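Novice: What follows is each chain in one-letter form.
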Amino acid sequence: MTIDGELVVFIICGGLTVIGALGMVLSRKAVHSALFIAMVMINLAILYVANSAPFLGMVQIIVYTGAVMMLFLFVLMVVGVDSSDSLIETIRGQRLFGILFGVALAVLLAGGIGTALTDKGDVGLDAANQEFGGNVEGIANLIFSDFLFAFQATAALLITAGLGAVILTHREAWKPKVTQKELSVARFMVGAGHPGNKPNPGVYARHNAVNTPAILPDGSLSLDSVPEPVRSRDDSLIIDHRVVSTVVELVEGEDQN
Amino acid sequence: MSGSQFGFFGTDPWWMVILKAVVIFGMLVVITLFTIWWERRVVSRMQNRIGPNRVGPAGLLQSLMDGFKLAFKEEIIPKSAHVAVYWIAPVISATAAFLAFAVIPFGPIVSIFGVETPLQLTDFPVSVLYVLGIASIGVYGLVLAGWSSGSTYPLLGGLRSTAQVISYEIAMGLSFVAVFLFAGSMSTSQIIAQQEPIWFAVILLPSFLIYVTSMVGETNRAPFDLPEAEGELVGGFHTEYSSLKFAMFFLAEYINMVTVSALATTLFLGGWLAPWPLSLWDSANTGWWPVLWWLLKVQLFIFMFIWLRATLPRLRYDQFMKFGWKVLIPASLGWIFIVAIARVFRNDFSFTNQQLLFTGAAAIAVLLIGSWLLQIRSDRKQESLEEELEAESNAPFDPMAGGHPVPPMPGQIFPYTPRRVLAEQSVAGGVSLSDKDTNAIEETPNA
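Protein chains in written order, with the numbering used here: chain A, 1 to 257; chain B, 258 to 704.
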């Protein structure tokens, strides 16, 4: 066998695919697993492109890496990024059956691929690609003639699944949704409380510590400016008016000098 | 790949491939530096300021200096970060950004050092899909950055980024379909060749508008910059990044902006083809001139990006998602439907353009009248439904309506619970709500 470009690509991408697949099974964190699958998908796509199936390769990246794995990551992040699966068997005999079926599948695959490799020589896609004048054209001709029914049936199945998911998560709206406009009108209604931000602690006060209430323009204190936890611990630093007036006197005294 | 179909592609000598790759890399970095300066200057003008004007002529070297400063800053990695993923994320972002440019054409076939070669690194039958695929890999950078930072705001930014890319990539992909139908190819060079008499932006205007909208969503630029909304999420996905890693995200964002602009130019504005008055000049589409037309068109889009940023406020997240799923995607699908029907009539029934136009107008008229009639009917139905609902909620609460134990309808009040009666007794001089409650109790015969 001569060493050509395709072989080099196969050795690199094939190796990375196997590493990715092992990593996906062996990693403890769900996000790491998802990353490894993405790596497998991308390497498979490169292999498809190298084997003159560029359309399949690109669609593999867009659909699986771009959409499916992205949805996976989204769900993982919503569910909780650090949750790792418990290793306790919930279905009795699950592990045993899992190993059994796994080995059976491996034997089946090895047998199938083995016979395919020994009985038939490698034909490649070049002849098929040339038949309709290109890879994309060839696939289009097959999908929209021989495999039209299968293609449409798959599409219908996927749409049904999507609709099912939408219906399962659908909730009847009992009341009309409160809009942003209504919310902001309600904010300014009488009795709704303070409409805007509360004043910061320490505004115009002697001190800017968080427990120093802001002084309003008329000289009174705004207890709203002190955070609730501080207030409930009775930690606010209430400044005596006399002290304020002393400060004023001091400042005025400075001005006169 | 089949060499026969793509003439000059795949026949370059090895040094030409390396030369083109290096030139594209350098050009992207320079365009990024220029765009940052350009953006700051334009936004400043729009806000009655001057903008950076100290470093170099007209401040042109400002972004270069900023880049140096950024690279030499101290790097801080949070303790709770997942280090491996934290490292990989900016690399994925920046690499993907550069990769997408491999299939963008800058000009026709020229002669470089005596070798005839197209001004494009490579091309293959599905190169537009390649750009889409690379863009979707690039988003992994943002999402992983958000996750691996081990901090709340970046996580929210990453989460927003995933939702955003899923919804906007669909609209973006759908807007390409009409172009593929008309060009009969998914390779960038062939799409440009098909736009020789008239640009696709003219004949496929709805596709163009949808693409331009979704490309802003795709690049996370204002008004769709939700993953990094600085008013809500500090910095979004890159909050915990500093120094060179942050610089890589920065670089990736600007290159992505150039990439989507270049793709829009290729697909809709005729790529490197000269615009109308210039195209009357015979040699406008030969030699090195087309590079200039290409650059001007790309700059036009970049200016649009800057203009949008200076003009529009950021969308609220639910409005943004609603816009993507309920406006852009259905509009795209409807438009593709129309385009496909028109193509069938033209190709299989050999309609002329005029016949197509009349048939289309008649079909639209029928559709409009039909939908108007349907609207009237559904409005009536809705009204009667609402009346029914109102009557139901005004009626006194029947806990066994329809023979089943049911909860109260909105507006109805559950008549009697021992706890509420106790609570009302303990509150002296009840407010309006509790008054209503006691009335309900008195009115209901069950109590």
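Treat the hints loosely; a few may be bogus.
Residues on chain B that point at chain A, a partial pick, calculated with CB under 10 Å [as the list claims (entries may be wrong)]: (1) M322; (2) F325; (3) S393; (4) G415; (5) I423; (6) E426; (7) S536; (8) P662.
Think of the hints as simulated: they come from the structure by calculation, not from any bench. On a predicted model such as this, the values are computed, not experimentally measured, just so you know. Idealized CB from N, CA, C, for every residue including glycine.
Novice: Against this structure, judge whether each hint is valid.
Specialist: Status of the hints after comparison with the structure:
no.	hint	verdict
1	M322	violated (36 Å)
2	F325	violated (33 Å)
3	S393	holds (3 Å)
4	G415	holds (7 Å)
5	I423	holds (6 Å)
6	E426	holds (6 Å)
7	S536	violated (29 Å)
8	P662	violated (18 Å)
Consistency note: the structure conflicts with the earlier hints numbered 1, 2, 7 and 8.
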